[in-house]
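J.: Here is what each chain is made of, one letter per residue.
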Amino acid sequence: MWCISNPAQSRYVWRMLVAALLCALFSALAAVGVRFGHLTGVAAYLLAILPALPIVGALVVTGAYLREETDEFQRNLYIQALLGGIALTLSMTTIWGYLEDFARAPHLRLAWVYPLFWIFVLVSFPVVWLRYK
Amino acid sequence: MKNRLRVLRAEREWSQGDLAKRLEVSRQSVNAIETGKFDPSLPLAFKLARLFGTTIEEIFLEE
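In order, the protein sequences belong to chains A and B.
For the first sequence, our numbering gives the first residue as -7, with consecutive numbering after it.
For the second sequence, our numbering gives the first residue as 75, with consecutive numbering after it.
Only chain A is shown next, with the shape it has when bound in the complex (with noise of 0.2 Å):
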């Protein structure tokens, strides 16, 4: 289905791939930070966003994959997966929201909106595929 085909993809990988390490290194020292060192005020945000940094490069990472990609179609395959993710991610957390508002159900934690994001492009992105097979 989808493999490494060009450059630009293969270091979108990679990229990507240190994103995941730096943010469940920075996970780890934060936990680590809160557990042992009693932070608190400004010290406290700080340790609390460094997680959400390599996050945030995740999503500047994909911006630059989509401007090196040479190959077009591969482009539009991958903008109409990542279109699939923020509108299943939107309509399955604003449904949520309103179960936990109206039907009392568990409350869902905001740091996971950005792994289920990527789950719903990983469910797009076959969908999407097979519209063009």
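Just so you know, the hints here were simulated from the structure itself, not pulled from any lab data.
Since this is a predicted model, take the numbers as computed values, not measurements.
Glycine included, each C-beta is placed from N, C-alpha and C at the ideal position.
Misleading hints may appear alongside valid ones.
Stated by the list, open to error - Partial list, computed: chain A residues near chain B (C-beta under 10 Å): (1) S(-3); (2) E64; (3) Q66; (4) W121; (5) R123; (6) Y124.
What the hints assert, rightly or not - For the chain B half of the interface with chain A, some residues (derived, Cβ under 7 Å), not all of them: (7) S100; (8) S103; (9) A106; (10) K111; (11) F112; (12) S115; (13) I130.
Knowing the structure of chain A, use the given hints to seat chain B on it.
T.: Frame of chain A; chain B shown alone:
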């Protein structure tokens, strides 16, 4: 959009992979254009025209 890519490619005995290599795109891209499921941008259409030594209008047909 309908096109004559398959015919032009067959005349030169090129596979989709051969054409993809010459265009510097993926084979899936060639397949999607050839089957009319994806319309190429103007730059790619010009590249195709140059490659086949013809005009864009000779490759892509108005429906």
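J.: Can you name, in rising order, the numbers of the hints this structure does not satisfy?
T.: As far as the earlier hints go, only 13 is violated by this structure.
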